[in-house]
Amino acid sequence: MTAPLVNLTIEGRPVSVPAGTSILEAAKTAGVLIPHYCYHPGLPVAGVCRMCLVDVEKAPKLMPSCATAVAEGQVVHVHNDKSLEARKGVLELLLINHPLDCPICDQSGECELQDYTFQEGRQDSRYREPKRFNPVEDFGGDVLYVPNRCILCTRCVRFMDDVHKDAVLAVGERGDRAVITTAPDAGLTQPWASNVVDLCPVGALLSKDFLNKARAWELDRSASVCTGCSQGCNIVVETRDNAVVRLKPRANEAVNAFFMCDEGRLNYRWLNRQDRCAVPMANGAPAEWSTAIAAAVGALNGKRAHVVANASLSNEVFFLLKRIVGKTGGSVKFDVPQGAEAALPGVEDLALRADRVANATGAEAFGAARTEQPYAGVSAGDVLVLVDVEPSAVPSTALNAASAVIFIGTADPSGLSKLTAAFPIANVVESDGTLTNLRGRVQRFLQAKAAPGQARPAWFALADLLIALGEKADYATASDIFAALATSTPAFDGMSFDSLGLKGTPLAGSMAGAGR
Amino acid sequence: MTIKVKVLDRPIEQVSYVRATVKGLALTFKHMVDPHKVTVQYPDERWDISPRWRGTHRMLTTEDGKAKCVACGLCPTVCPANCIKLVPGEDEQGNRYPLVFEIDEFRCIFCGYCQEVCPEEAIHVGRHYENAEYSRDSFVYDLQRLTEQTHPVCEMWDPADQKGE
Numbered sequence: 207m208t209a210p211l212v213n214l215t216i217e218g219r220p221v222s223v224p225a226g227t228s229i230l231e232a233a234k235t236a237g238v239l240i241p242h243y244c245y246h247p248g249l250p251v252a253g254v255c256r257m258c259l260v261d262v263e264k265a266p267k268l269m270p271s272c273a274t275a276v277a278e279g280q281v282v283h284v285h286n287d288k289s290l291e292a293r294k295g296v297l298e299l300l301l302i303n304h305p306l307d308c309p310i311c312d313q314s315g316e317c318e319l320q321d322y323t324f325q326e327g328r329q330d331s332r333y334r335e336p337k338r339f340n341p342v343e344d345f346g347g348d349v350l351y352v353p354n355r356c357i358l359c360t361r362c363v364r365f366m367d368d369v370h371k372d373a374v375l376a377v378g379e380r381g382d383r384a385v386i387t388t389a390p391d392a393g394l395t396q397p398w399a400s401n402v403v404d405l406c407p408v409g410a411l412l413s414k415d416f417l418n419k420a421r422a423w424e425l426d427r428s429a430s431v432c433t434g435c436s437q438g439c440n441i442v443v444e445t446r447d448n449a450v451v452r453l454k455p456r457a458n459e460a461v462n463a464f465f466m467c468d469e470g471r472l473n474y475r476w477l478n479r480q481d482r483c484a485v486p487m488a489n490g491a492p493a494e495w496s497t498a499i500a501a502a503v504g505a506l507n508g509k510r511a512h513v514v515a516n517a518s519l520s521n522e523v524f525f526l527l528k529r530i531v532g533k534t535g536g537s538v539k540f541d542v543p544q545g546a547e548a549a550l551p552g553v554e555d556l557a558l559r560a561d562r563v564a565n566a567t568g569a570e571a572f573g574a575a576r577t578e579q580p581y582a583g584v585s586a587g588d589v590l591v592l593v594d595v596e597p598s599a600v601p602s603t604a605l606n607a608a609s610a611v612i613f614i615g616t617a618d619p620s621g622l623s624k625l626t627a628a629f630p631i632a633n634v635v636e637s638d639g640t641l642t643n644l645r646g647r648v649q650r651f652l653q654a655k656a657a658p659g660q661a662r663p664a665w666f667a668l669a670d671l672l673i674a675l676g677e678k679a680d681y682a683t684a685s686d687i688f689a690a691l692a693t694s695t696p697a698f699d700g701m702s703f704d705s706l707g708l709k710g711t712p713l714a715g716s717m718a719g720a721g722r
Numbered sequence: 027m028t029i030k031v032k033v034l035d036r037p038i039e040q041v042s043y044v045r046a047t048v049k050g051l052a053l054t055f056k057h058m059v060d061p062h063k064v065t066v067q068y069p070d071e072r073w074d075i076s077p078r079w080r081g082t083h084r085m086l087t088t089e090d091g092k093a094k095c096v097a098c099g100l101c102p103t104v105c106p107a108n109c110i111k112l113v114p115g116e117d118e119q120g121n122r123y124p125l126v127f128e129i130d131e132f133r134c135i136f137c138g139y140c141q142e143v144c145p146e147e148a149i150h151v152g153r154h155y156e157n158a159e160y161s162r163d164s165f166v167y168d169l170q171r172l173t174e175q176t177h178p179v180c181e182m183w184d185p186a187d188q189k190g191e
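So the protein sequences, as listed, match chains A and B. If you use the working numbering, the first sequence closes out at 722, no skipped numbers anywhere. If you use the working numbering, the second sequence closes out at 191, no skipped numbers anywhere.
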């Protein structure tokens, strides 16, 4: 059931939006950003900051655009003198007690107070009294509270109340003494609590992990997908000097709304690990790529391949593995590490899932078998192919039974016995590809940094191996492979990198995003 | 074919060296008594350099001898030559400070943007030109070197006082 459309004019532009939409959201569709602090599309409307005041013709006073619904024939002025004057006043009042510490504030460069003051605030303050001072507080978890910078928009309070459903934050005191306080003996240790850091429009709530690490303008940002669990939250990978320094959620209404869990957020250090497999190896010694591939082909000649793969690898990799075992015989197996499930109560179908891998659904779509014992059943003479698994986790019984071991991975494989060939591959933030989440939504991740040494994307190495095995696999990019798998796999029919976009598409017949 | 050179037979007063020598010596002796000197007896004497001279850097310090820098990252951002290396850190009191602050003076183009952009008035370009070193490495000034230097610093162009009067 869709609401009837309402026609109005915002800044001279005609807009048609469903009835019940706020003026602020309607203005967004017209490409007009109305400055705001307390409003956030993922939170209930509070209307406390008074920043989004706009001039609506025939209304007696300025209207808060976040809390005013559109009406037929409305004429809204966002940037006329009356509303600019109002916003200038709001900004001046907000800055009365806001310290001038942008040089040492982590939010600097991505701060909405900084942006709007620069755009339309006063040049200087008329306030001559000393500013209010409150010491920095540790809110527990990964969150630090700097009360001096707080503008009391209450986004964090509403997130903990209405989305996390664990009301540990509140506004304490009154007037200019007001600060955000935690409930007695409670802190922000909940599994999704660090989202308040992203929600905070200023530098009042800071991530301890990111504190003083980098400036916002130094970071390079790439769209990606979190591989921490099978939910597949959309994220932005932020890198500096070819190292991941921070992960942030990326809005996707069908998967994670605006949020990501703390476990996924802080689980990025492995992406920068230094003990990487960086050069190809043949028969235990560093070699050229061609020599390593030839060694792998020699080992696979006439033997069955027992492939154990990490189920966080991309759809493209599982498609190529399926083709490899189709040629050599054998099977692809994966195991799924388990963890505690932690749901975000305020968002439907969003949780840190028990399955702590990103692409179990995709792996199964390409014939890989989910098992708790992926190394069981290596019969004598099989070639054990390890794809992005930890070398230390491989049981010696499997190594002993195998005739040869081919390692395709990111970790240093030099401890493995019977190592015939090793292919260094790029990890998830160093290559392109797609992942399928537990609801069957296929989502793209993009390259964020360069791979070390001679490492190549896994699909590149596997396509070379296929060619060496005598198959046709002349893929130049990950999107070529995706096009090939889309034509040969019914569930992916009609998909391409372009059609997936950055928000993904559900598999044919899956339930992805059906709830919302 | 031989080349024939025509030799002019000039009068003696034109070709004699005596007149030129006397003229030259006259100039030399004139400079010995002339008060208007151009040459400066460096290093005993030095020119006054402009208050807006932009030479090698100096980091100013607070009263307790610590660098004023808060590692905001504006100078490496604004630097057109990309010669400033900055790694921020946090001290025992929770204050932000530079763990590493290095300026490669070879790469520096002495534009003075770093001084202009600094919100803490910490980094300055110096009124100083004696920069010789024994090794190339010593031209990468670290934080200790930058704070220990004592030469005067540049007075930036002031829009209110455009001619520096």
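It should be emphasised that the hints constitute simulated quantities derived from the structure, not laboratory data. For each residue, glycine too, the CB sits at the ideal point set by N, CA and C. It is possible that some hints are incorrect.
Said to hold, decoys possible - One-sided and incomplete, this derived list gives chain A residues near chain B with beta-carbon spacing under 7 Å:
#	residue
1	P309
2	I310
3	R576
4	Q579
request  = Run the structure past the numbered hints and jot down the numbers of the failing ones, going up.
outcome  = Failing hints, ascending: 3 and 4.
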